[in-house]
Amino acid sequence: NAGVTQTPKFQVLKTGQSMTLQCAQDMNHNSMYWYRQDPGMGLRLIYYSASEGTTDKGEVPNGYNVSRLNKREFSLRLESAAPSQTSVYFCASTSGGRRPQHFGDGTRLSIL
Amino acid sequence: KQEVTQIPAALSVPEGENLVLNCSFTDSAIYNLQWFRQDPGKGLTSLLLIQSSQREQTSGRLNASLDKSSGRSTLYIAASQPGDSATYLCAVGVDSNYQLIWGAGTKLIIKP
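Line by line, the protein sequences are chains A and B.
So for the first sequence, my numbering puts the first residue at 55; every next one is plus one.
So for the second sequence, my numbering puts the first residue at 14; every next one is plus one.
Treat the hints with care, as some may be off.
[Claimed, not checked] List of simulated lysine to any residue pairs, SDA-like, C-alpha gap at most 25 Å:
#1 K111/A x D40/B
#2 K125/A x D40/B
#3 K120/B x R162/A
#4 K68/A x P93/A
#5 K120/B x G54/B
[Stated by the list, open to error] Pairwise CB distance ranges (calculated):
#6 T58/B x L166/A: 26 to 36 Å
#7 N82/A x P125/B: 18 to 28 Å
#8 T61/A x P53/B: 15 to 25 Å
#9 P125/B x D110/A: 40 to 50 Å
#10 A42/B x G94/A: 22 to 32 Å
#11 M95/A x I122/B: 13 to 23 Å
#12 L32/B x F64/A: 27 to 37 Å
#13 E133/A x L24/B: 33 to 43 Å
#14 A56/A x P95/B: 23 to 33 Å
#15 E28/B x R153/A: 27 to 37 Å
#16 S121/A x N31/B: 38 to 48 Å
#17 R131/A x D80/B: 36 to 46 Å
#18 R131/A x T39/B: 26 to 36 Å
These are computed hints drawn from the structure, not numbers from a lab.
Keep in mind it's a predicted model, so treat the numbers as computed, not measured.
Glycine included, each C-beta is placed from N, C-alpha and C at the ideal position.
Please put together the full structure from these sequences, using the hints given.
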């Protein structure tokens, strides 16, 4: 039972490069979320998808785009990476607001 | 704007002690409150979820309480064990899409 799977686990980019972080869940959850976690801070919501076909901005959306490819997959794209986007990125999913969110193991991203 | 605070940032106690972790939030209009555990280099695991209409939830040696009027939640850990060492985060659900606002966490070390 895989749960939430994130790829890649680690990535180093140069400033200005682009990349897509992948997330897939096998729990038939409706809602999916992308967070970033920086040292000494709580997680901050980047984008979320309440259901297949919808996406909405969270607290810190600038510099990111997302795609809800289907019910299982929710990707996060950095079009032109900046050092300020160095962080650990987590994807999460839930079947609904009365149920807990399930998290992937994260992608550790460094922008040089 | 909802803000979530966890104090202390770090806590070290001997094995076997009962302990309490604190979480405070500024706006009492919440949908739910969740406690998570994060192990180093790993994702987050949901421990307890308290709906806004509930006062507490229990799971094994863990008990979480919620007092919306005072903007506080506590996580009580009974008979602590070295395996409880981790960072504990609380998160408040703030809207109908159950976006979460996070505290920065309390790093707990249980000494054998």
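Going through the hints against the structure:
Under the criterion of a C-alpha separation no larger than 25 Å, the hint pairing K111/A with D40/B is consistent with the structure, at around 21 Å. Taking the CA atoms of K125/A and D40/B, the gap is about 33 Å. The hint is violated against a cut of 25 Å. In summary, the hint linking K120/B to R162/A is supported, as the alpha carbons are separated by about 20 Å, within the 25 Å threshold. Under the criterion of a C-alpha separation no larger than 25 Å, the hint pairing K68/A with P93/A is consistent with the structure, at around 21 Å.
Between K120/B and G54/B, the direct Cα distance comes to roughly 14 Å. Compliance with the 25 Å bound is thereby established for this hinted pair. Against the hinted window of 26 to 36 Å, the Cβ-Cβ separation of T58/B and L166/A comes to about 32 Å, which satisfies the hint. At about 41 Å, the CB distance of N82/A to P125/B disagrees with the hint of 18 to 28 Å. Hint check: T61/A to P53/B, Cβ distance near 20 Å, so the stated range 15 to 25 Å holds.
Range check, P125/B to D110/A: Cβ separation about 46 Å, and the 40 to 50 Å hint holds. For the pair A42/B and G94/A, the beta carbons lie near 27 Å from each other, so the given range of 22 to 32 Å is met. Roughly 20 Å separates the CB atoms of M95/A and I122/B, a value that falls within the hinted 13 to 23 Å. Here the CB-CB span from L32/B to F64/A is close to 34 Å, well matched to the stated 27 to 37 Å.
For E133/A and L24/B, the hinted distance range of 33 to 43 Å is satisfied, since their beta carbons lie about 41 Å from each other. Taking the beta carbon of each, A56/A and P95/B are about 29 Å apart, inside 23 to 33 Å as hinted. Distance hint for E28/B and R153/A: a CB-CB separation of about 33 Å, consistent with the stated range 27 to 37 Å. The beta-carbon spacing between S121/A and N31/B, approximately 47 Å, falls within the hinted interval of 38 to 48 Å.
Checked against the given bound of 36 to 46 Å, the beta carbons of R131/A and D80/B, roughly 41 Å apart, stay inside it. Look at R131/A against T39/B: about 33 Å separates their beta carbons, and that is inside 26 to 36 Å.
Against the hints set out earlier in the document, violations occur for numbers 2 and 7.
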